[in-house]
Amino acid sequence: MPGRHSISVLTFWRKFTLRHFREDWFQTLLLMLILGLGVGTFLSIRMANRAAVEGFRLFTDSLKGASDLIIESQGDGIPVSRLAEIRDSLEGTPANLYPVIEVALYPLDNDISARLNNPSTIRLLGLDLVQLQSLITTSDGDEISDFWDMLDNPRHLLISESLATSLGLSKGSQLDVSITGKKRTFEVTGILPEFQDRTPLPENLAVMDLPALLNALGRGSVDRVEVLVPEGSRKSELLAKINDTLIKAFDGDLLIGSPTDKRMEGASMTTAFRLNLTVLSLIALLVGLFLIAQTLDATVSRRRKEIATLRSLGIGPREIYRLWLSEAVLYGLAAGALGILVGYGLSAFTVEAVTTTVRSLYKETSQTAASINLTDIILSFSIGIIGSLVAAYLPARDAASTPPAQFLRLGKRIPPFPLFERTRIAFTMLVVGALLLLLPPWNPEPGTNIPAAGYATAFLWLTGGTLAAAFGLKIVGWLMHRAGGNNAPLLLAGSRLAQPTSRHQLALAGFFVAIGMASAMTFLISSFEHTVTQWLQQRLKADLFVSSAGFQGSDSGPKMSGELLDQIEQLDEVRSVDRFRSKEVEYSGVLFSLAGIRFDLLGKDQELLWLNEPLPVTNAPSSFDAVGYANENFTRRTGTGLGDIIDVSTPQGTKSIWIGGIHADYARDNGLLLVDLPKLEGWFGFNDYETASVFLEEGVPIDTLQIKLREAYPGLTIRNNSELMETALFIFKQTFSVTKALQMIGLLVALAGLILSLLSLLRESGRELSLQKTLGMNRHEIATTTAFEGCGVAVIGMVSGLFLGGMLGLVLIYVINRQSFGWTLQAVYPFLDSVLLAVAVVLLALTISYATGRLYLRKWRPELI
Amino acid sequence: METGANMSILRKQILHFLAGAVLLSLTAFAEPAPHEFTYDGFRVPQPGTVLEFPRTHASHPGYKIEWWYLTGHLYASTGERFGYQATFFRNGLKPQQEYSEQPFNNGQLYLTHMAVTDVSGKSFYFEQRFSREGWDAYARTDRLEVRHGNWSLTADPDVTSLEMHTSINSEVQMQLNLKPEKKLLRFGEDGTSRKGPAPEARSFYLTFSRMLTEGSLTIGDQQYQVTGSSWMDHEIASNQLDPNYTGWDWIAIQLKDGWELKAYLLREKDGSPSPYSALIWIDPEGNTSYYGTDSFEWDKPSYWKSVATDASYPISPSIRTTHPVTNQPVEFNFDPVLDDQELNLPGSTYWEGAGRILDASGNETGSAYLELVGYAGRIRGL
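Protein sequences appear in the order of chains R and X.
Just add 4 to wherever you are in the first sequence, counting from 1, and you've got this note's numbering.
Just add 823 to wherever you are in the second sequence, counting from 1, and you've got this note's numbering.
No lab work stands behind these hints: they were computed from the structure.
One or more of the hints may lead you astray.
[Said to hold, decoys possible] Some chain R residues well away from chain X (every beta-carbon gap over 12 Å; in silico): (1) Q78; (2) D92; (3) L94; (4) T189; (5) P215; (6) S774; (7) G810; (8) Q823.
[Unchecked claim] Coverage of chain X stretches by chain R, computed from C-beta distances (three or more under 8 Å per stretch; other residues unrestricted): (9) 1091-1097; (10) 1182-1196.
The C-beta atom is built at its ideal place from N, Cα and C for all residues, glycine as well.
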């Protein structure tokens, strides 16, 4: 009878499983939280990654729908005078053309800029609002007469509702901003609703009528023309035709691409970064799974009487096995549900952190809110359930296969898992892991290197290390026993560790993995900070550094007009000004930054940190257009090296660049090739710059000139050397904010796991503790025994975890990081952090273990024996 | 008999001429001449202005409003029937004399409507565009060339042949060549077409009432070679509609016997027709006869209710008048080729569609385009 069967399963659950959940509610809750944190961390990183990629969509998409094609110039924008030419080239083919300017605004009012919910700037779109008038409605439903009045106002500005809220601006507010380094005052003339035709607007969006913005910027060109083919049955046919027509008409002159290409480009550029985050986010999950295994193992031990009774009543091993797995499913479901909640909660932070990193390291993106979708929910439950089932496998098999008589035998300790006894497997995994490091990275597409072998090594070392560390329990137990002398607690603790149970092994495994991964990340971050600081000290030689206010490092950030720099250069106090400007170009399918600096200042005012000193020009081949100094990342991504020549396409035709030196640069990871600035200016015809370094004449007081320049140019940020160093390091710290957050979560899980493990481990030793009490040991002695035992597990986990962390850190620094990002870092081990962590862990373990022993005895009852 | 009929026609024409002359002189005495400029500086069409051709076919940015309005009936060689409407509106915000070559000119706006009725496919396609004058929308001032995106209307220098390229979304593409079969008409006894009581409520109203039309029409995957007949209005004004009007009913009929007829009812707020409503006969030679509201009846026997907008339109009007030559009563019953020819556009929804003209006996005597404005709420700008 199926009905009876289901009732019996429910009864089992209630009596056999839920009863224990209720009795050990604190432990169950803590376990659920750890699992939830594990699944949630993974989920939040997944959401943040998606938001980062989603952020690469065009800012204009939300206002006028996604474009079908994008026309861009190889040089500095498309002259407005050419718009009619583009239209004429399409003849009668239906296509809507939208010229767009996209610039960055930075509020100069300190109060307002402080209210920006991310360190980035406001993205200002210049769009033909008359063309879009039927699409754009302001949130207060303005009348059409207001619309025309607004267009006549050269200072008008429409801002998104979320931006208005976050900056405390309303219709009529004045806003002082820096554009191209110049101060401008705008008037908020309308607030755009948060959703445009159900598409959420980017949070940091402002819009202005295109002609007014052209005037405000003194520009005669637009950044791009977006092509939208109207909907209809012939859309794809027309789109192909338009694409072909434009390519034929403007080949080698304008760049024709699709928004998908753009997004893929952004997504591909960040593949390695996002994969790294995903892998790191799995740590917490992995630790959680060890804890599930440990918990289920503990319940096998705790409920052995019940298992024996069930077996005696004729319940077969298979049913017992299923019952245990069903309990794992319950944990998995809880983990999935909690994971969704935790993931959603964490995503608010991770999205911002990932977006910040992507902005400063890769390219400007729109801030996109994290969203959870059905796949996330399914994935969350799947990870929870599958992970729990994997973790429950060993305990469930143990529960099902142990004969009833053995369960009922008093005093019998649950044996360790055989897998943890096989040291040969452990060492094989460690050796295979080491050998894998010799393999090259996986190269799924040009310019993207995935350190697959490095990840495999990390996995094998984690797993093999877990098994190997378990072997350490016996050694430490033996050592404690030997050192015990007449100290009964030490002897007892030693003998228990020398004969570890499966719970000892699982407790150690979880702790080992958490400490290992957290310390490996600490190692990486410490090395990174050290290397970058050294590089900055070498690179930042100038007295003053100039950028447009709000510039954050991305090459798509706000630029400053060259005329302002010309004025600064002509000051008597100024010896020289170097300018930096980059253009994104392509070489053999890899997009990289081709940038200009003044080569005539190298070795005098300016310095590069050479990895390969510049070759003498006499080594150069006979014909090339410019000497280029590549960063390491460029050579790795493009597969080029010192002395190679690469061809790049510019508005002035194809130019050959001879790679004459390789330098270190950690500011961008998509590859950087430096050429002499006048060459770059000639090729691309620009007169705006990202940053400038100002070198002063001897004896000129830096502070005085800095103040003078700040007053004269309110739209520019003018920093002295130490301020810039501080800012640069701040940006780099932000870049690593997600990694640091994951490190913190790893540590949190490690410590929570340690508490849970010790609680569980020592509670399950109740029979031994009762025996000790009966034999006459007092509470302090018994608590000291548990403290030694707990401390022993913690110290083994700590030492082996730190060792694993050191090794994994080296893999992260020399393999994973180098292959993913192409950065060579100097390995700097964070000894102080490690010592502090070790001390904290040992003290925590001592406290928890001692307290558990004492608290247990408070509830002691003789019949427990 | 024939002589009697001719005499009757002659008498009628003399009477009409006299009536027109009396009306003109009464008007001249009864009201002041229109101002030369509107309060915002736009020119006002002046009675008796000598228009210079072909320059007049081009744009007049000194006047506030101007449109080039084409409707037509097309037939594919395979038997399918289509109707089309193409309207290029120019609306001046700031008066100017010449076509501006600025890429973004806030002073002039272009609103363009395209619609195609596929009778056998029972489909109606339409699209609206709105732009300021500049790189993507303009009308030249030296010759007829109006563009809006990929839509264009151009003519050869002497306007004996016009080319039109249009599309509607990614569904419809149309390329037509239009050749006027009759001389250009200029409406209004004094050279301006009166539309309201204000002296300035007048326009220069020019029409090609019959144009031989040939070209290709693509709908979805199907391309048709089409021929047919089109009607083109070009109207230039600055302040022609009275604020008391709520809309209008307008019809352009092309009869099989070579005559055309244009009629419009300007509707007052109380529903009555404005005295400036009119019916104009155009004979095969292009001569016109003007009838006032007392000389024709415009009945609205039934209404069609739009599912999209809930608006009700009198899409099957019956127009009764007398023939200017035979002086016999005639009846024109408009039978739309498709009920749903509503252009549902934010702020300016209206019905404009193709139809057959049936006489009192139900015989098809011609084709017509009917425009019904002001039935779906207030029209923006009216």
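Legend entry - Coverage assertion for the segment 1182-1196 of chain X with respect to chain R, Cβ distance below 8 Å, three residues required: Answer violated; 0 residues pass the 8 Å Cβ test.
Legend entry - Claimed clearance of chain X by R/S774, with the beta carbon kept past 12 Å: holds, 82 Å
Inset, instruction - Test coverage of the segment 1091-1097 of chain X by chain R using CB-CB distances below 8 Å; three residues minimum. - result: violated (count 0)
Inset, instruction - Report holds if the minimum CB distance from R/G810 to chain X is greater than 12 Å, and violated otherwise. - result: holds, 62 Å
Inset, instruction - Over 12 Å to the closest beta carbon of chain X is the bar; see if R/Q78 clears it. - result: At roughly 21 Å from the nearest Cβ of chain X, R/Q78 sits farther out than 12 Å, so the non-interface label holds.
Legend entry - Non-interface claim for R/T189, where every Cβ of chain X lies beyond 12 Å: R/T189 is indeed farther than 12 Å from all Cβ atoms of chain X, at 21 Å.
Legend entry - Beyond 12 Å from each Cβ of chain X, as asserted for R/Q823: Since the minimum Cβ distance to chain X is about 46 Å, R/Q823 lies beyond 12 Å and the statement holds.
Inset, instruction - Examine each Cβ of chain X, and state whether all of them lie more than 12 Å from the Cβ of R/P215. - result: violated, 4 Å
Legend entry - Separation of R/D92 from chain X, once the least beta-carbon distance is taken, above 12 Å: violated, 9 Å
Legend entry - Interface-negative label, R/L94 against chain X, beta-carbon threshold 12 Å: Answer for R/L94: violated, closest chain X Cβ roughly 6 Å.
Checked against the numbered hints above, the structure breaks hints 2, 3, 5, 9, 10 and satisfies the rest.
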